[in-house]
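Colleague: Listed here are the chains, written in short residue letters.
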Amino acid sequence: MTRMRRPSPQTVAILDALAENASDWSHGYDLCRLLGLKAGTVYPILIRLADRGYVETAWEQEVPQGRPPRHLYRLSAAGAEHVRELRRAEAERASWRLPGAGRRAIGDGAIAGAQS
Amino acid sequence: MSTGPVTRRTIWVAAAAVLVLGPLALLIPAALGIRSVMRTGPVTRRTIWVAAAAVLVVLGAWTLLISAALGISVGPWRPTEVLVGALLFGWPHALAAATAVIAIARAASGADGPARLLALVSSGRRGHRDEWGAAMRAELASITGPQRERLRFAVSCAPIALRRGWGWSPWIVAVACGTLFAALTVATSRLSLHGNRSGSLLGVLFGPPQITLLLVGFVAAWKGCSMRNGLEHAVPALIAILVGVLATAIPEGALWAREAGVFLLDGDYPSTALTPGEGAHDALRATLTWGLLLWLPWPVLGAAAGARLSPRTTPFPDPAP
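Chains as they are written, first to last, in numbering that gives the first Met the number 0: chain A, 0 to 115; chain B, 0 to 320.
Keep in mind that the hints were calculated from the coordinates and are not lab data.
This structure is a prediction, so every number in the text was calculated from the model and none was measured.
Virtual Cβ for every residue (Gly too), placed ideally from N, Cα, C.
Hints may contain errors.
[Stated by the list, open to error] Here are some of the chain B residues that sit facing chain A, going by a computed Cβ distance under 8 Å:
id, residue
1, A107
2, D111
3, W131
4, M135
5, F152
6, I159
[Unchecked claim] Residues of chain B clear of chain A, computed beta-carbon distances all greater than 10 Å:
id, residue
7, P250
8, W289
9, L308
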């Protein structure tokens, strides 16, 4: 089994957000607002995920008058598989920890911490 | 310049080097013809006035610099000689300043400050490489909230748009240029030291770096069809040449002081005995002033000319409203 490099919490958050709306397209600025991250954090991650084939990109087709079409993002099939692998790896890691030792859960967007 | 007085010979050699380079750069104003500049981008009369002001400021600075330098080392010079000197040495800087003003004005098109900032930093990309810049610009256009929010988005995106697309080629070119000039400095120094001992650094600092930077900027801009691509190659090349020359000229300057008792720059005899430390210091000072100062405009001029003469390509379609 190959060892998967653990992505940054911001990457996990973006994958998480895209996975929640797997069938819908998302906008860069909306992801920034949703996750409370700066554009300077979100865009490099989106670029990297797109380069790796985890995120599909497209341009908006129906554009309201007065503004240019926006760039759209959604999880690709490879991205969805990557998220599943991350979740499996996370679950495995969590099973090795003591209960209540702190666990970052991907998918439900929650951090189950020691306080819980 | 060596710590001894500035000799007439030094001035004439420098002037001749600049004059030799002049014909090469005559291509640039011709290529940039102001009317065509105004036709092809959002360059207004105001931009032309700002460019003209930049030319005057740069030439004024050179006039002050030359009169100060000559006043200190040679004594009173006639104003006409100072002005001729400022034109001879300063015209590449003046032309580069005007070119930079026009290029920035052309690239920074947008409805407001944040839009202009993002347009500027993401300009000069072609084809797929510009897609992410266009994505950020389109996203900014969709932000209709407070100006502060638009500015925050643009400022946050700026470093990414600026960095996006850097490949290995600028670094490869830079390493090649740095190595070449380090070798050239050592080779000419040793040949001259074992020959007529007339100094060798002047021949390395004047001419070869300017031509190299002009060519690197030109070829990269022409090949990449953008001034930005030219600058991305020529600026690292300038830094690498500086490092290469400094790394070799400083120990060679000390060696010349020890072996020959004269300056590496031009073989001048000092007024008092020259220590290796003074020889090294003179090589450092000459490279930073007469080298770096005169090299600065050439990446801009080469990149501008290359972009201007490159085959036109369509940038990534920036979706117009």
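Colleague: Now tell me if each hint is right for this structure.
Modeller: For each hint, the structure was consulted:
no.: 1; hint: A107; verdict: 17 Å, violated
no.: 2; hint: D111; verdict: 14 Å, violated
no.: 3; hint: W131; verdict: 6 Å, holds
no.: 4; hint: M135; verdict: 7 Å, holds
no.: 5; hint: F152; verdict: 5 Å, holds
no.: 6; hint: I159; verdict: 5 Å, holds
no.: 7; hint: P250; verdict: 42 Å, holds
no.: 8; hint: W289; verdict: 40 Å, holds
no.: 9; hint: L308; verdict: 31 Å, holds
Of the numbered hints given earlier, the model fails hints 1, 2; all others are met.
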